[in-house]
Amino acid sequence: MQEQTSKALSGFEGKTNEVIPMLQAVQNEIGYLPEEAIRDIADIIGIPESKVYGTATFYSQFYFSPRGERTIKVCLGTACHVRGGMQVMEALEREMGINAGETTQDFKFSLERVNCVGSCALAPVVMVDDDVFGRLVPKQAKEVLEKSDPEV
Amino acid sequence: MIQKFDAVEKEALESLEKEQNNDIPQIYVGCATCGNATGAQSVVQTIKNKLEREGVKAEIKEVGCIGMCFAEVLVDVIKPGRPRISYQDVTAEKAEEIIDSYIINDDHRPDLALGFFGEGGPEDVERIDTGDVFKNQQRVILKNCGVIDPENINEYIARGGYRGLAEALEMKQEGIIGVLKDSGLRGRGGAGFPAGRKWESCLKPQADQKYVICNADEGDPGAFMDRSVLEGDPHSVIEGMIIAGYTIGSSKGYFYVRAEYPLAIKRLRKAIAQAKEKNLLGENILGTGFDFDLEIFQGAGAFVCGESTALVMSIEGNRGWPKPLPRPRTTEEGLWGKPTLLNNVKTFSVVPQILSKGANWFRSIGTEGSPGTAVFALTGKINRSGLIEVPMGIELKKIIYEVGGGILDDRKFKAVQTGGPSGGCLPDDKLHLSVDFDTLVEAGSMMGSGGMVVIDETTCMVDVARYFLDFTFEESCGQCVPCRQGTQQMLEVLNDICEGRGREGDIEHLIELGESIIKGSICGLGQTAPNPVLSTIQYFQDEYEAHIKDHSCPALVCKNLIVYHIDEEKCTACGRCRKACPVEAISGEKKVPHKIDQELCTKCGICFQECPERFSAVERLTGKENLAAAARGRLTDV
Numbered sequence: 004m005q006e007q008t009s010k011a012l013s014g015f016e017g018k019t020n021e022v023i024p025m026l027q028a029v030q031n032e033i034g035y036l037p038e039e040a041i042r043d044i045a046d047i048i049g050i051p052e053s054k055v056y057g058t059a060t061f062y063s064q065f066y067f068s069p070r071g072e073r074t075i076k077v078c079l080g081t082a083c084h085v086r087g088g089m090q091v092m093e094a095l096e097r098e099m100g101i102n103a104g105e106t107t108q109d110f111k112f113s114l115e116r117v118n119c120v121g122s123c124a125l126a127p128v129v130m131v132d133d134d135v136f137g138r139l140v141p142k143q144a145k146e147v148l149e150k151s152d153p154e155v
Numbered sequence: 002m003i004q005k006f007d008a009v010e011k012e013a014l015e016s017l018e019k020e021q022n023n024d025i026p027q028i029y030v031g032c033a034t035c036g037n038a039t040g041a042q043s044v045v046q047t048i049k050n051k052l053e054r055e056g057v058k059a060e061i062k063e064v065g066c067i068g069m070c071f072a073e074v075l076v077d078v079i080k081p082g083r084p085r086i087s088y089q090d091v092t093a094e095k096a097e098e099i100i101d102s103y104i105i106n107d108d109h110r111p112d113l114a115l116g117f118f119g120e121g122g123p124e125d126v127e128r129i130d131t132g133d134v135f136k137n138q139q140r141v142i143l144k145n146c147g148v149i150d151p152e153n154i155n156e157y158i159a160r161g162g163y164r165g166l167a168e169a170l171e172m173k174q175e176g177i178i179g180v181l182k183d184s185g186l187r188g189r190g191g192a193g194f195p196a197g198r199k200w201e202s203c204l205k206p207q208a209d210q211k212y213v214i215c216n217a218d219e220g221d222p223g224a225f226m227d228r229s230v231l232e233g234d235p236h237s238v239i240e241g242m243i244i245a246g247y248t249i250g251s252s253k254g255y256f257y258v259r260a261e262y263p264l265a266i267k268r269l270r271k272a273i274a275q276a277k278e279k280n281l282l283g284e285n286i287l288g289t290g291f292d293f294d295l296e297i298f299q300g301a302g303a304f305v306c307g308e309s310t311a312l313v314m315s316i317e318g319n320r321g322w323p324k325p326l327p328r329p330r331t332t333e334e335g336l337w338g339k340p341t342l343l344n345n346v347k348t349f350s351v352v353p354q355i356l357s358k359g360a361n362w363f364r365s366i367g368t369e370g371s372p373g374t375a376v377f378a379l380t381g382k383i384n385r386s387g388l389i390e391v392p393m394g395i396e397l398k399k400i401i402y403e404v405g406g407g408i409l410d411d412r413k414f415k416a417v418q419t420g421g422p423s424g425g426c427l428p429d430d431k432l433h434l435s436v437d438f439d440t441l442v443e444a445g446s447m448m449g450s451g452g453m454v455v456i457d458e459t460t461c462m463v464d465v466a467r468y469f470l471d472f473t474f475e476e477s478c479g480q481c482v483p484c485r486q487g488t489q490q491m492l493e494v495l496n497d498i499c500e501g502r503g504r505e506g507d508i509e510h511l512i513e514l515g516e517s518i519i520k521g522s523i524c525g526l527g528q529t530a531p532n533p534v535l536s537t538i539q540y541f542q543d544e545y546e547a548h549i550k551d552h553s554c555p556a557l558v559c560k561n562l563i564v565y566h567i568d569e570e571k572c573t574a575c576g577r578c579r580k581a582c583p584v585e586a587i588s589g590e591k592k593v594p595h596k597i598d599q600e601l602c603t604k605c606g607i608c609f610q611e612c613p614e615r616f617s618a619v620e621r622l623t624g625k626e627n628l629a630a631a632a633r634g635r636l637t638d639v
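Residue numbers (my numbering), protein chains in the order written: chain S, 4 to 155; chain Z, 2 to 639.
Watch out, some of these pointers could steer you wrong.
Unchecked claim - Keeping only pairs whose Cα atoms sit at most 30 Å apart, straight-line, the calculated DSSO-like set for lysine-lysine is:
id	chain 1	residue 1	chain 2	residue 2
1	Z	95	S	76
2	Z	19	Z	253
3	S	10	Z	253
4	S	18	Z	253
5	S	145	Z	604
6	Z	413	S	150
7	Z	62	Z	431
8	S	111	Z	267
9	Z	358	Z	5
10	Z	580	S	76
Derived by calculation from the structure, the hints in this document are not laboratory data. Computed from a prediction, not measured in an experiment: that's the story for all the values here.
Make the full structure from the sequences, and use the hints.
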């Protein structure tokens with residue numbers, strides 16, 4: 004992991020305005036922000052770790068624990084909301100046995116809500132990584148999971 | 002200098018002519034995020050493979066979004082000497098059929114076609130550009146979207162691109178600002194501040210460095226206009242920013258783009274490199290001695306960063322906190338404390354056309370107070386969802402019933418929401434209103450950056466208000482008390498109302514809280530957060546009262562206020578609902594009408610959707626009496 008962090012941070016000069024791009028680079032490489040990486044970023048820039056955490060926790064893009072192999076994003080933008088997105092979310096939560104924002108114990112899936120993926124004509128929409136499932140009804144939750152299983 | 006640009010333009014046209022062979026069929030595939038989400042990339046691949054297999058020559062172009070999201074994947078075909086025919090809902094199989102039938106043979110397949118553009122199309126296919134979708138539209142900001150290949154700068158130049166910049170570089174700074182002021186252009190980010198005045202206030206201060214920032218942190222949860230412009234016509238925004246840099250005396254610009262928009266970022270990177278290659282960006286632009294460079298900054302997901310001071314904090318590497326009041330204007334003290342000009346994507350993208358076509362041209366579109374066009378992402382319970390551009394001043398009902406094709410499934414219209422979490426909902430009797438910055442604000446809503454969500458009778462207005470408030474509560478940066486605590490209190494009251502714990506006086510309480518939050522918050526997020534609640538109370542107070550007094554949700558949405566029940570007379574005991582119920586709450590067997598165990602039921606609604614329409618035996622009931630009967634297990638008594 005140390006190697007991955009170093010690789011991700013190699014192109015930066017260590018300016019204060021590079022905090023967010025550095026966090027993004029690490030997360031792109033590792034999938035989340037491990038404690039050591041936060042410490043490395045703080046060291047490179049020469050600011051306290053708390054400052055880096057303060058910035059990182061402010062933004063919804065950053066994760067602080069390992070993620071599932073695939074991320075299921077349930078769109079709850081306005082169009083999806085009025086067309087039943089929440090019911091689809093509840094069905095997925097029920098099928099997966101986790102709540103939005105959590106990861107399954109086998110680390111196959113992370114489930115999260117997102118605001119508008121911009122495919123409103125297909126509402127309600129669920130994205131599994133880059134695969135899009137549109138015009139869903141709750142009972143299709145099982146089907147979405149089966150089709151998205153990383154081991155199949 | 003103009004001669005230098007003439008040479009660039011000539012070269013672009015020449016190489017375009019070389020690149021393009023108009024003697025063979027041209028195939029356009031809509032490959033914006035929406036198209037890709039529906040499978041455009043696999044359609045492109047299928048077409049390429051098929052053409053190769055058949056040994057047929059044709060040009061494939063991946064274009065941006067033309068706005069007809071309801072018909073994605075869209076494939077357009079132009080055969081030499083024929084008008085452009087659009088095919089809708091294209092899949093890999095349909096793409097092969099179109100190639101077989103129309104490109105190889107000469108059957109234009111009216112069964113698959115959506116329509117054609119221009120004159121002289123086949124009689125059995127509808128003409129699109131004069132039909133309902135487009136006849137009320139006027140494409141100014143979106144004129145290139147879905148038409149040109151956004152990754153080819155020559156195509157942009159061939160359609161008049163960068164001429165506005167060339168003309169601007171011949172003008173004095175004050176002259177450019179004069180044109181903008183005369184045009185009456187107002188910022189397209191939502192509030193509608195006059196662009197000319199903003200540019201002017203950034204020109205005045207003396208500073209060793211100034212910055213231009215394009216706000217592409219489109220955060221409204223139901224809007225994708227800016228993304229479509231960046232994906233479909235990135236050069237127009239870049240050109241507008243270069244003009245801004247020249248005007249205010251800045252050599253450095255930033256795109257602040259949501260990280261959730263990877264395709265927009267990719268296209269911008271490519272466009273920036275191409276513009277540099279042609280000396281339209283970078284050092285000594287077109288030999289004028291003016292330097293301007295552009296950098297992309299990826300936002301990390303915070304709605305409040307749409308606020309100018311928060312956005313600046315974010316680029317500087319901090320939490321995206323708006324600066325406390327009293328704060329200097331960003332135009333005087335912005336990024337790194339330097340004068341900074343911040344405009345929305347659509348504002349920058351229309352500037353080049355205003356400079357090349359003139360202020361009067363722009364004023365000839367739209368209304369006196371709001372010249373130009375408005376771009377909307379039209380979505381919700383509407384037949385034709387999509388990206389539309391209409392002249393300001395158009396009536397709301399024209400947008401909904403003509404451009405959008407009316408309400409989905411012929412249901413009854415209830416409200417139209419504009420302005421996202423900062424805006425409001427307008428009811429049926431406001432549909433005659435014209436769309437412009439001032440009229441919508443007067444009616445209790447706002448233009449916003451362009452989300453327009455249509456709501457029908459099956460949507461609960463209290464739930465919609467709660468949805469938006471939940472969003473702003475989550476996105477509140479937490480710095481000032483009125484916004485942080487106020488949105489939380491409002492949300493709790495709304496949750497109570499939706500869950501059957503509403504009390505007499507809640508409505509007045511919400512209004513009082515809302516008004517205080519508007520007065521006391523330090524930035525636009527808090528100052529507008531109560532709007533969705535206040536406007537729904539204004540127009541749909543009876544729905545709030547039904548929730549509070551009768552524990553009834555007229556739209557049958559609020560879970561705690563509805564019960565699912567099977568009408569024994571209608572139930573044919575087909576067993577579908579029983580098998581589909583995820584919690585085994587439905588009992589019954591063959592020939593025995595089914596029954597829902599209210600204690601086990603989680604109200605997921607699956608039984609309701611499963612029950613075939615011809616039986617419609619599963620019903621949703623609401624109101625105190627029904628809820629009480631269900632709790633006693635005696636729902637059939639009601």
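Can you list which hints this structure breaks, lowest number first? 2, 6 and 7
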